[in-house]
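Peer 1: Sequence:
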Amino acid sequence: MRKPRAIDRLAKEFEKIPGIGPRQAERIVYFFIKQGPDFIDGFASAASDVKNLVRCSECRSVSETSPCAVCSDTSRDSSKLLVVANTADAEAIERTGKYDGYYFAMGALLSPLDGINPADLPLNELKALVEKKRFAEVIIATDPNVKGDATALLIADALDGVCGAVTRLAYGLPFGGDVEYADEITLSGAIDGRRNINKRSNQGKVADGVKQ
565 MRKPRAIDRL AKEFEKIPGI GPRQAERIVY FFIKQGPDFI DGFASAASDV
615 KNLVRCSECR SVSETSPCAV CSDTSRDSSK LLVVANTADA EAIERTGKYD
665 GYYFAMGALL SPLDGINPAD LPLNELKALV EKKRFAEVII ATDPNVKGDA
715 TALLIADALD GVCGAVTRLA YGLPFGGDVE YADEITLSGA IDGRRNINKR
765 SNQGKVADGV KQ
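If you want this note's numbering, it's the position in the sequence shown, counting the first as 1, plus 564.
Treat the hints with care, as some may be off.
[Said to hold, decoys possible] List time: in silico BS3-like cross-link candidates among lysine-lysine, alpha-carbon distance up to 27 Å:
1) 598 / 615
2) 615 / 644
3) 662 / 696
4) 644 / 662
5) 580 / 615
6) 697 / 662
7) 711 / 662
Bear in mind the hints are in silico, worked out from the structure with no lab data behind them.
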């Protein structure tokens with residue numbers, strides 16, 4: 565029996581999702597078919613809505629508006645900026661309720677083997693934002709792995725002398741772990757235990773609770 569082309573076509577699209585192989589992709593397609601037209605229409609509509617999202621002009625997070633709701637909120641702590649790899653990581657931090665400053669999403673982490681070099685990262689945008697907003701502390705919340713460590717060092721170097729303190733989340737997060745998937749308790753501890761990593765950490769006032 566010949567498989568309909570529509571099944572192969574949709575399965576190929578699902579295969580583009582990280583972690584989804586050919587067999588898994590095909591099972592997802594048959595699940596869609598089993599659910600029926602209403603489910604498929606709802607999925608297509610939701611996917612179309614995602615297509616209309618934009619990137620915030622200030623923090624680079626994915627949002628429905630630009631500036632996003634967080635950047636537009638003047639009640640937040642204007643002394644702190646937390647740098648994350650992506651919007652999902654910012655949402656994970658936000659769920660802890662331990663942080664009420666602003667965010668900046670890098671969009672990617674340094675990975676020369678994957679073709680992502682320092683010039684491909686928005687370091688100049690980040691530096692310009694820090695200079696414009698005069699943040700007293702920039703908290704780096706990249707994943708505790710090789711890519712995250714390398715990116716954190718790049719950020720610290722780019723911001724050297726630009727703000728009072730450049731800190732990083734404590735290693736309550738396991739090495740190789742993802743910020744996005746860490747639980748709220750672990751992330752809260754990592755925020756509380758953050759350490760100063762910039763070259764001029766002994767110059768200027770360091771935020772309360774930050775370890776030298």
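Peer 1: Now look at each hint and say whether the structure bears it out.
Peer 2: Hint by hint, here is what the structure shows:
1. 598 / 615: 26 Å, holds
2. 615 / 644: 31 Å, violated
3. 662 / 696: Within the cut-off at roughly 25 Å; holds.
4. 644 / 662: 12 Å, holds
5. 580 / 615: Between residue 580 and residue 615 the Cα gap is close to 16 Å, so the pair holds against 27 Å.
6. 697 / 662: Holds. Residue 697 to residue 662 sits at ~21 Å (cutoff 27 Å).
7. 711 / 662: It holds: about 25 Å lies between the C-alpha atoms, which stays within 27 Å.
Violated hint for the displayed structure: number 2, the only one.
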